[in-house]
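**Q** Line by line, the protein sequences are chains D and F.
Just so you know, we're using our numbering here: the first sequence kicks off at 4 and counts up by one.
Just so you know, we're using our numbering here: the second sequence kicks off at 33 and counts up by one.
Read the hints as simulated data drawn from the structure, not as lab findings.
Treat the hints with care, as some may be off.
[Claimed, not checked] Stretch by stretch, here's where chain D covers chain F in the computed footprint (C-beta under 8 Å, at least three residues):
id	stretch
1	141 to 155
2	163 to 174
3	242 to 250
[Stated by the list, open to error] Which residues of chain F face chain D? A partial, calculated answer using Cβ under 10 Å:
id	residue
4	ASP35
5	VAL232
6	ALA235
[Stated by the list, open to error] A few chain F positions that, by computed beta-carbon distances, are all more than 10 Å from chain D:
id	residue
7	GLY68
8	ILE93
9	GLN102
10	VAL113
11	PHE117
12	ILE189
13	LYS190
14	TYR191
15	TYR227
16	LEU239
Positions of the beta carbon are idealized from the N, C-alpha and C atoms, including for glycine.
For reference, the chains in residue letters:
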Amino acid sequence: MSETVAQLSKKTGASPVLQVAHLSKKLGGKPILQDCSLTLNRGELKVLIGPSGAGKSTLLQCINCLIPPDEGKILLEGRALNVADRRALCAFRAQVGMIFQDFNLFDHLTAEENVAIALRKVRGMNRQDAQRRAQEELGRVGMSRRAGLYPAQLSGGQKQRVAIARALAMDPKVILLDEPTSALDPELVGEVLAVIKDLARGGMTMLMATHQMDFARALAHEILFMEQGIIIEQGAPDVLLAEGSATRTRDFCKHLLEMGA
Amino acid sequence: MFDAAFVSQELLPALNRGLLVSIALIVPSGLLGFIGGILLGCVRAFGSPWARRLGDAYTSIIRGVPLAVQLMMIYFALPKVGIYFEPYGASLISFILCNSAYQSEYIRGALLSIRQGQIKAAQALGMDSLQTIVWIVIPQAARRALPGCGNEIIYLIKYSSLAYLVTCMELMGEGKVVASDTFRFTEVFLAVGAYYLVMVTLATWLLRWLEKRFYIPGFGAR
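Please build the complete structure, drawing on both the sequences and the hints.
**A** Structure follows, in structure tokens:
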């Protein structure tokens, strides 16, 4: 945990897209994140698991400064983010996609406008180009036919797919997913996971907090296990979840299984 | 004892004259009050702590003092410090100040009702604070505030009748003069009441139309 960013990237030897080093956050004097470091290489999917309250969501939101971290460094493609520079922060966020547990679509805009608005206002695209791009992205998540509907007219799974299209339209270098299927009815989880699987196969760099262990086991390059604000275990799913491995991760997964989750 | 000559030659011409003045009071103070309410509401919801305190103080004073007293202050007290208004100007200023204070309360509530998650989503896409407020928060807040703000416009139509207190000759003032001259209080004030009722009904229709025009699924019933 005390390695420097340079050492972290040297060790992996691949090209790091996102590096997070020694991130800490206290809320009301209580430490929520303690010295969290991680590196995401191009095309990697890393999965963040851990009990609720472990700080997964806080970590994801600290990475794009929706919750400003107290300490730590964030680097996108090797360039350090200066949190104090508002314009640099906006430019950074425009390159880091974020998917929320409760979708957070803009309620007053249709699916298409939800995708197009940031293209127009942040990327400065004109209306036609933004609409065309929005249609493309909605097609990618199978939502073309519902482009004209408002969030209130969509199911949870459809809303989350629109949210994914909205993030993809910005051509993000990395996408952070905060339990994207936790607020969904069980029968709707599949459609959203299918979209995320497609992205992973397409080589999208992603960091995802989830409780979907089958998904993590099948697709993750690495699992990060968090507890009480600390990343306590980190490794390939086969290793952490191997039969007979005495890892905290395996314990937790067994517990999840027993709970019927 | 319906006196057709009195109604058509004395009462209606006077009330119509007053109606024009009333409309000249209501329309500008409604519009400017609404704009003032949006600005004040934004300051009170999103401003710096000091700006918020200032906005809150303004609102408490305006809401805490009867409009009739404010009107008297503007018309009779301000001249003592060298600021003069004619009756129409004093009424207009007073209504704008009052209307924006009340409107700001509806707008502040609507602004605060926008889910924090949507603001986070806008920021996560790279929007700055101003873009988030203009493109995400205000379009939704305006829809949520519309019924309340409409209600305030209806009040405004009726409290505009207080302008007669500072001798601004609007509908109520003209009515009062005719009534005192002729002692036909019942007929005159029945007619004045009917004029206000018609104005309020028209405003209600207009507001309903606006609500329908800007209807979006998920924001109240059609």
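**Q** Verify that the Cβ of TYR227 (chain F) lies farther than 10 Å from every Cβ atom of chain D, and report whether the claim holds or is violated.
**A** At about 38 Å from chain D, TYR227 (chain F) clears the 10 Å cut-off, so the statement holds.
**Q** Taking C-beta pairs only, is GLY68 (chain F) more than 10 Å away from all of chain D?
**A** Check passes; 24 Å lies beyond 10 Å.
**Q** Decide, holds or violated, for the assertion that all CB atoms of chain D are farther than 10 Å from the CB of ILE189 (chain F).
**A** holds, 29 Å
**Q** Between the stretch 163 to 174 of chain F and chain D, are there enough contacts, at least three residues with CB-CB distance under 8 Å, for the coverage claim to hold?
**A** Three-residue rule met by the stretch 163 to 174 of chain F, so holds; n is 5.
**Q** Are all beta-carbon distances from PHE117 (chain F) to chain D longer than 10 Å?
**A** holds, 41 Å
**Q** Is it the case that TYR191 (chain F) keeps its Cβ farther than 10 Å from each residue Cβ in chain D?
**A** TYR191 (chain F) clear of chain D: closest Cβ-Cβ about 32 Å, beyond 10 Å.
**Q** Was the hint right that ASP35 (chain F) lines chain D, CB cutoff 10 Å?
**A** violated, 56 Å
**Q** Okay, the stretch 141 to 155 of chain F and chain D, do three or more residues pass the C-beta test at under 8 Å?
**A** Answer holds; 7 residues pass the 8 Å Cβ test.
**Q** Over 10 Å to the closest beta carbon of chain D is the bar; see if VAL113 (chain F) clears it.
**A** holds, 43 Å
**Q** Once the shortest beta carbon distance from VAL232 (chain F) to chain D is found, is it less than 10 Å?
**A** violated, 29 Å
**Q** Decide, holds or violated, for the assertion that all CB atoms of chain D are farther than 10 Å from the CB of LYS190 (chain F).
**A** Answer for LYS190 (chain F): holds, closest chain D Cβ roughly 32 Å.
**Q** Please verify that the nearest CB of chain D lies beyond 10 Å from GLN102 (chain F)'s CB.
**A** holds, 36 Å
Violated hints, listed in ascending order, are 4, 5 and 6; each of the other numbered hints is respected by the structure.
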